[in-house]
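Given these sequences and hints, build the entire structure.
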Amino acid sequence: MNEFLAGSTFRYLLFPLASAALGVYVKYVTRNDQFAKFRKEDLAVGLDLLRIASLIYLLLTSDRAIALARLNAMPLETMGADAHALRIQAAELSDSISMAGWGVALFIIALWSVSTIVRKFGWESESELKPVMGIAVPLVFGVTSLILVMLGETP
Amino acid sequence: MKKTRASAVTALAIIGLVLTGLAGAFALVSWRDLGLDLVFVPIVAGLALVVGLSSRWIAAKIRRLPHPPRVFISYPRDEASTAREISSRLKKAGARVWLDQEQISPGEVWRDAIDNAIADSDSMVTLVSGSTSGWLGEEVNKAKLENVKIIPVLLEHVDLPEYLSGIQFIDLTANKDEGLDDLVESST
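As given, the protein sequences belong to chains D and Y, one line each in that order.
Note that our numbering has the first sequence beginning at 1, numbered continuously upward.
Note that our numbering has the second sequence beginning at 1001, numbered continuously upward.
Hints were generated in silico from the structure; no laboratory data involved.
Be a bit skeptical, because a hint or two may be false.
Unchecked claim - Sample of chain D residues facing chain Y (criterion: CB under 8 Å; computed from the structure):
| id | residue |
| --- | --- |
| 1 | Phe10 |
| 2 | Leu17 |
| 3 | Ala18 |
| 4 | Leu22 |
| 5 | Val26 |
| 6 | Gln34 |
| 7 | Arg39 |
| 8 | Ala110 |
| 9 | Ser113 |
| 10 | Thr116 |
| 11 | Thr144 |
| 12 | Leu151 |
Since we're looking at a predicted model, the values are computed, not measured.
From the three backbone atoms N, C-alpha and C, an ideal C-beta is built for every residue, glycine too.
If you want it as structure tokens, here you go:
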């Protein structure tokens, strides 16, 4: 089970797809108008996924910073033979953290851009979304960003 | 002035979209040592694109899955209490019932709310009495357009309006309880 959960198929295929499916289900069952049938607008969970990906990215960045702080606090004499490997690990963590500012900025730009595009070009009427600009584009950005965040965390 | 500002915002949004897309592609290229794992990106993005493009078709398929019957009740104003009674009988039988007095909230455009509810219904129970108004005809025509099953229910000894002719009705004037049972059976 652990192997499956840590495997690529789960992390990069099932996890993003299941997140999208769960988002659609929760959106459908929690809406106020229980009389209404399933609508294509219930599939519009791309922006939710993008938001989740950006929050996961923030959490992972904090985890990296904490891990780096721990490594730095480790006395040299306790590292022993692992010193070289630990230094490489610390360098990798530093690299990731140094890019985090750009990552956060890109997520903010992506969230703003995709939501603006949906608002400007995504609606065909007051309550109906267009399949391409309203549903497909945000969905592609949402699942892709979720996989990118997971890929960046690949050990 | 406002128009210029709106188009500048739109242009910025498009630039942002392209920029983040390029940044994602750059990240992928710089992680090319991940090898096979990168294959999942186009697969999942492609699936998301297909789902988005065929969202109308997917929604239609999901709507055909088994679900509690949805019943719209159309009635003349004078028969509001009978409509409530029928509504509670149908709800007890497991149906989801749309009754304007329960569903339309203040400030809502009632014409739109009614049109949407009819489109979402599986069947429409149409109460017919001496005080039946012209709105009923409009609702019945909308239901016909949306292929919603129409069940006329006769509350008084009157002729069915022309727009309901040819549709088998339930007569509540003879035996109300038996008629209500028939109604529950045919609409759930």
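**Which numbered hints fail** = 1, 3, 4 and 5
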